[in-house]
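Colleague: Take a look at the letters that make up each chain.
4 protein chains.
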Amino acid sequence: MRRVLKAAILGSTGLVGIEYVRMLANHPYIKVAYLAGKGSVGKPYGEVVRWQTIGQIPKEVANMEIKPTDPKLMDDVDLVFSPLPAGAAGPVEEEFAKHGFKVISDSPDHRFEPDIPLLIPEINPHTITLIDEQRKKRDWKGFIVTTPLCAAQGVLLPLAPIYQNFKVDSVFITTMQAVSGEGYPGVASLDIIDNIKVLGENYDNKLIKEVHRVLSETKRNVNDSGNDVTLSATTHRVATIHGHYEIIYVTFKEDVNVEKVREAMDNFKGEPQNLKLPTAPSKPIILTNEDSRPQVYFDRWAGEIPGMSVVVGRLSQVNRRAIRFASLIHNTVRGAAGGGILATEFLVEKGYMD
Amino acid sequence: MRRVLKAAILGSTGLVGIEYVRMLANHPYIKVAYLAGKGSVGKPYGEVVRWQTIGQIPKEVANMEIKPTDPKLMDDVDLVFSPLPAGAAGPVEEEFAKHGFKVISDSPDHRFEPDIPLLIPEINPHTITLIDEQRKKRDWKGFIVTTPLCAAQGVLLPLAPIYQNFKVDSVFITTMQAVSGEGYPGVASLDIIDNIKVLGENYDNKLIKEVHRVLSETKRNVNDSGNDVTLSATTHRVATIHGHYEIIYVTFKEDVNVEKVREAMDNFKGEPQNLKLPTAPSKPIILTNEDSRPQVYFDRWAGEIPGMSVVVGRLSQVNRRAIRFASLIHNTVRGAAGGGILATEFLVEKGYMD
Amino acid sequence: MRRVLKAAILGSTGLVGIEYVRMLANHPYIKVAYLAGKGSVGKPYGEVVRWQTIGQIPKEVANMEIKPTDPKLMDDVDLVFSPLPAGAAGPVEEEFAKHGFKVISDSPDHRFEPDIPLLIPEINPHTITLIDEQRKKRDWKGFIVTTPLCAAQGVLLPLAPIYQNFKVDSVFITTMQAVSGEGYPGVASLDIIDNIKVLGENYDNKLIKEVHRVLSETKRNVNDSGNDVTLSATTHRVATIHGHYEIIYVTFKEDVNVEKVREAMDNFKGEPQNLKLPTAPSKPIILTNEDSRPQVYFDRWAGEIPGMSVVVGRLSQVNRRAIRFASLIHNTVRGAAGGGILATEFLVEKGYMD
Amino acid sequence: MRRVLKAAILGSTGLVGIEYVRMLANHPYIKVAYLAGKGSVGKPYGEVVRWQTIGQIPKEVANMEIKPTDPKLMDDVDLVFSPLPAGAAGPVEEEFAKHGFKVISDSPDHRFEPDIPLLIPEINPHTITLIDEQRKKRDWKGFIVTTPLCAAQGVLLPLAPIYQNFKVDSVFITTMQAVSGEGYPGVASLDIIDNIKVLGENYDNKLIKEVHRVLSETKRNVNDSGNDVTLSATTHRVATIHGHYEIIYVTFKEDVNVEKVREAMDNFKGEPQNLKLPTAPSKPIILTNEDSRPQVYFDRWAGEIPGMSVVVGRLSQVNRRAIRFASLIHNTVRGAAGGGILATEFLVEKGYMD
Ligand SMILES: NC(=O)c1ccc[n+]([C@@H]2O[C@H](COP(=O)([O-])OP(=O)(O)OC[C@H]3O[C@@H](n4cnc5c(N)ncnc54)[C@H](OP(=O)(O)O)[C@@H]3O)[C@@H](O)[C@H]2O)c1
Ligand SMILES: NC(=O)c1ccc[n+]([C@@H]2O[C@H](COP(=O)([O-])OP(=O)(O)OC[C@H]3O[C@@H](n4cnc5c(N)ncnc54)[C@H](OP(=O)(O)O)[C@@H]3O)[C@@H](O)[C@H]2O)c1
Ligand SMILES: NC(=O)c1ccc[n+]([C@@H]2O[C@H](COP(=O)([O-])OP(=O)(O)OC[C@H]3O[C@@H](n4cnc5c(N)ncnc54)[C@H](OP(=O)(O)O)[C@@H]3O)[C@@H](O)[C@H]2O)c1
Ligand SMILES: NC(=O)c1ccc[n+]([C@@H]2O[C@H](COP(=O)([O-])OP(=O)(O)OC[C@H]3O[C@@H](n4cnc5c(N)ncnc54)[C@H](OP(=O)(O)O)[C@@H]3O)[C@@H](O)[C@H]2O)c1
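Residue numbers (the UniProt record's numbering), protein chains in the order written: chain A, 1 to 354; chain B, 1 to 354; chain C, 1 to 354; chain D, 1 to 354.
One or more of the hints may lead you astray.
[To be verified] As a list, the in silico DMTMM-like pairs of lysine to aspartate or glutamate whose alpha-carbon atoms are at most 25 Å apart:
id : chain 1 : residue 1 : chain 2 : residue 2
1  : B       : Lys38     : D       : Glu290
2  : C       : Lys59     : A       : Glu304
3  : B       : Lys43     : C       : Glu201
4  : D       : Lys253    : C       : Asp169
5  : A       : Lys253    : B       : Asp255
6  : B       : Lys253    : A       : Asp255
7  : D       : Lys59     : B       : Glu304
8  : A       : Lys43     : C       : Glu290
9  : A       : Lys31     : A       : Glu65
10 : D       : Lys253    : C       : Asp228
11 : A       : Lys31     : C       : Glu304
12 : D       : Lys59     : B       : Asp291
13 : C       : Lys253    : D       : Asp228
14 : D       : Lys209    : C       : Asp255
Bear in mind the hints are in silico, worked out from the structure with no lab data behind them.
Only chain A is shown next, with the shape it has when bound in the complex (with noise of 0.2 Å):
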């Protein structure tokens, strides 16, 4: 048996801290020990959380009372998740981390730091060895981890079998995004109603820069350095309440068979498989070969941990050297808090929360 980790959870009302307080209420060693927020100070979670997911908020928490995000608060807490807004974020973590606290990050603010783990445990593992250096040069007690953007995430977690086993030369994405990808209020209604909306070059790039790190970390088994990779993604918002729906067209270097590509996905492992740890789902992807799915309705909560996989369908041969596919992802699961969790289990079984 594990020894309990005690967690505090920052932004534990947001749309992503909701989805950390649901999925550790049954979790066998990680128990919510403190509930931060802003606004809501003071008051019982119960009463103030908007509780924009599936079942029923848990019982133990409901009459909690949401707490200030400070440090100094937070005595009895082995380690802190941090799904604060941008901005706010970045400060706050690091004060954290000064203070002592192993911090797990869904915030954008340090994704681009070389020596802050950008982490998807099933994709690039070994970059958990960034937290010693980060401590040294920081000289902090505590650490960051960082998890990928969400809409990234539902492109990297079925590129990586591909890159990993392919001479990978484009890859071109097209994003239809949950509005609970913004936060709330986040996406204005007259935004969206008979409307799709463009989120446009920032965003793009931003997604596209996350994947390139990502993909710059992963081990490849092709004779291909793979450096020169094409990306290029065309961000929307659509309306819909959770779920990213991202068609990827991808072309190689050298002939492909599609019939390869869906064996590699649907082999596709990694350490938190074979470690059986808690969070991970038994296929991290989950391929469908029907012909109208994923569907965001009827696919965003598959898996026997719902949400914790990526649903892929629509794989199909282009021509030679270009596939296509659909990738649907669960934003604030596998693509915030449950990529949070699965993150931390992977830190424990490494020895890296004792």
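Using the hints, position chains B, C and D with the ligands against chain A.
Modeller: Relative to the frame of chain A, chains B, C and D with the ligands by itself:
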């Protein structure tokens, strides 16, 4: 002054039918003389029509009675617009052509017959000579001319100037189409609230096949047969009422400068513009440089003839041999009724309506 | 321990059918033995069903084959749940009853026959004795019991304690109902995006008529016949998936204190609660005092048996003889499948299922 | 011919501001001379405005620069339309009035001051004499006139002829309002996709209070003080862009024949109609007998001056002393900008704009 042409509109209560009614209300020489329907026969137009478009029902048609879809009742009619449902359209249109009527069809039933034009007057105007062949071969006094699938036109209009001037290698299309594209009742609300409806392989292929046919009829300025262009499409409906939005990636066989592509699009004109046809927009392609445009709600009615121009934006260089852009077409206007009227005006100029 | 009852679910792939499947998956003594359908006959349930509800398709039914709606194939079945479409249901249900089956119907076809119960077990439990009459009169070995229209149940559950305890004069109802209430495909997306669908007089009257019948079967504690209660409804669909939301104004023949009304609602219980039936929520009416609740998205699955309680809020005194409240009912659960299961459990207790 | 009035539009980029711009583009004697804003100051109107209405941005304003909201910069301006946000509007409008400007306000900040008219020219025209009182009391050269809350106008316009001619006892209102009613960004998409947003008691009461004030200023033809009318409202937003839809139950102190009510509504006219003001619809109330109308999407722009008439339908007798109807008002047109322009035209006729 042109001779006035008396038109019958089949399927006049449908989503395409109402655009014919709206656009012809002020047409200089085409007058609505007969409104045909099926379930609504016998009722006053203004009472039964679902007027799901801009403006109000034109006074002159509000009290017209809807009549049967029967060539024998249309003595007084010069030409027939046929936005009939797939399947129903085929035999009806042939009967009309046999009876000597000039039929302009938006239905899919005759889009792949080699002697029937699939016409976008800006792109493949010379294909109208197929009419002569058609009449001879089929021994028809009338004829049938068709317009392509709305979503295909949204690809073809911006693609034409590219295809004409550059050596295109592949075209990867992802669509987010409006629900009105399936007619009424069409898309179930349960498929589209908090969901994206995947249209699937058949629809993908239909789109590709139509783009293929029209491209193959496009005259090129480049020294390249264009025969081996790869086309792929992934098609969806999202919760928008009108306006098909499509993200298009184009790769080339040689280096291409996106600014040259922009220029080619910006200068794109065809016979309708040269002939100053009444329903021809001065610019078939409206280019926007705004980072967040086109947007369906704000741009689908763009142009001095609302809905007759395709709005293209997000045009950018992906790498030396690839570009990306977004295209927005009003599906029931340029993609159907407006396209049909423009085709008619062109046929008038070329003497096919005498 | 109760004897296990083997149930057939007609219309098992429909929106109500799936709730029967979901709720019976863990039922203590009712087991799904037969899944019937029409268009989907012959296919594995898990492959064809549109699972538009919470949770995942129960493993034990995913591979069951969908079978014809034919009593002769159901040797092994004890009772039949019938969420069949209006029109189709009538003759089918009679045939089943004739063949000796106990039929619990959510369809409207037999809701106004005086010898067929229209049952909400909390409100008019004694009407089950109509079964005896029914069997005698019709010479059936089986029987039919029906449940009221979902929207009527959303009125009746909160109205019952008011009607029982106060002298009601008028009830004015305005509904905002979910699209799933019309089944699949049901409501056209073109009727509901950026629109409110008006259901019209027929539907208004249907609702009123059912409320009337059940009220007239409700035992009262007040010295007032209640015969002359005015009922009026104005009914609509809005763009929500599940959950009928209704605003109800009630006027009285004498002064009424809203706090007494609140108490009556809060204390409301019936036979299902007294008998602790497995699917009976401890509170059929959940009262909320929050100013902005109930809300469809957040409250439709409320209660310890999700979707089995009506959530009532916005209760307030309008003047000395009028009050106002909002009622939210899960249309396919309490308003259909859940109501059917609860009715069955009650019939079991009363010996009608032996 | 009237003297041309030069108008400034404050909040010109807002949802109400754009309707002022649209409606004044072709006004016979009011010209847009100054476009004011806040965040958008310094930019060309056509570049920054979210044109969420019909038609296209009028050419003559597209290149106008947005300027500060400062009376000192408006030498050349005769009157000021003020659709400013609540809170911001109050002091700004007073400053303008002090500086001698005639201010027509759609904001809520001065709606309950006894010397400031809350004007619907068809209903309480005589209240414009409050202007004289206002000027004297406040020592202002200019003045402020306000228009009621959009949702209140949707009640008041159909209620006025009823109140004038019958002894009303109670009015029970349930609203389904469009998201544009909260401005931009306004309603969060997460509150409105698959949900109904409950506006709550404050909003309910605001609506009631405004209806109360205007009713109390309405001249009656019946021998009844009308002081004791009960008003109650339950208010919501649903996923519609424009158009507030309201179900209204009215009870009376004596028997009332709904046909007489219909007649009163149908004949309803006021000063704007008598004076043939340019923006006055010939019928302020358009009555429809169709069972499924009014519908938001199809009727919000009804009338020869689109959006200036309230569409009333579903009118029916509930019992001898109660009726019911549905009212649809275009919130940003009749409910704001159009109401403001009509008020101005009326003030012009009465000499208040000289
Ligand atoms: N939504 C997604 O799909 C998604 C996916 C991946 C990553 N992320 C990232 O996760 C983070 C959170 O996103 P979200 O969607 O959960 O946001 P959200 O719904 O807007 O929630 C924000 C949370 O942060 C708290 N908060 C806000 N400002 C704060 C401050 N200055 N100090 C402390 N707490 C503060 C709020 O507390 P109060 O309610 O008490 O004010 C609330 O709990 C963002 O960085 C986002 O980029 C989101
Ligand atoms: N919607 C688009 O964006 C779009 C774009 C390009 C092409 N198209 C094509 O245009 C055609 C019409 O589409 P739509 O969206 O306008 O369809 P729709 O809204 O469903 O309208 C169908 C029309 O056809 C009439 N009709 C139906 N069955 C008929 C029959 N057997 N004989 C005669 N009339 C019949 C109906 O009349 P009643 O109402 O009297 O029954 C109605 O007027 C289809 O072929 C479609 O593929 C549509
Ligand atoms: N939806 C609600 O909120 C609600 C609430 C209360 C009561 N109801 C009532 O419940 C009934 C079902 O509603 P629903 O919403 O579940 O409808 P639905 O989603 O349209 O499902 C209809 C079901 O009935 C089957 N079916 C259709 N025609 C049939 C026939 N002729 N014979 C045998 N089976 C047939 C279909 O099977 P296949 O798929 O195999 O074709 C499908 O399983 C209706 O009477 C409705 O009024 C519904
Ligand atoms: N929407 C309706 O249906 C409706 C109906 C009746 C009445 N009203 C009332 O009309 C008013 C405007 O509503 P709306 O929906 O048009 O709002 P909106 O869309 O949010 O627009 C607000 C406008 O006010 C400007 N603005 C914001 N703060 C300002 C300040 N401090 N000083 C000067 N200008 C400022 C903005 O300019 P920038 O864009 O330059 O920042 C924008 O032009 C509100 O009082 C509302 O209650 C609205």
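Colleague: All hints are to be evaluated individually against the structure, with a verdict given for each.
Modeller: How the hints compare with the structure:
1. Lys38(B) with Glu290(D): 21 Å, holds
2. Lys59(C) with Glu304(A): Status holds; Cα separation ~12 Å.
3. Lys43(B) with Glu201(C): 22 Å, holds
4. Lys253(D) with Asp169(C): 15 Å, holds
5. Lys253(A) with Asp255(B): Measuring from Cα to Cα gives roughly 17 Å; hence the hint holds.
6. Lys253(B) with Asp255(A): At roughly 17 Å apart (the allowed maximum being 25 Å), Asp255(A) and Lys253(B) satisfy the hint.
7. Lys59(D) with Glu304(B): 12 Å, holds
8. Lys43(A) with Glu290(C): 15 Å, holds
9. Lys31(A) with Glu65(A): 16 Å, holds
10. Lys253(D) with Asp228(C): Since the Cα atoms of Lys253(D) and Asp228(C) sit roughly 18 Å apart, the hinted pair holds (cutoff 25 Å).
11. Lys31(A) with Glu304(C): Measuring from Cα to Cα gives roughly 24 Å; hence the hint holds.
12. Lys59(D) with Asp291(B): Holds - the C-alpha atoms of Asp291(B) and Lys59(D) are around 22 Å apart, at most 25 Å.
13. Lys253(C) with Asp228(D): Holds, at roughly 18 Å.
14. Lys209(D) with Asp255(C): 24 Å, holds
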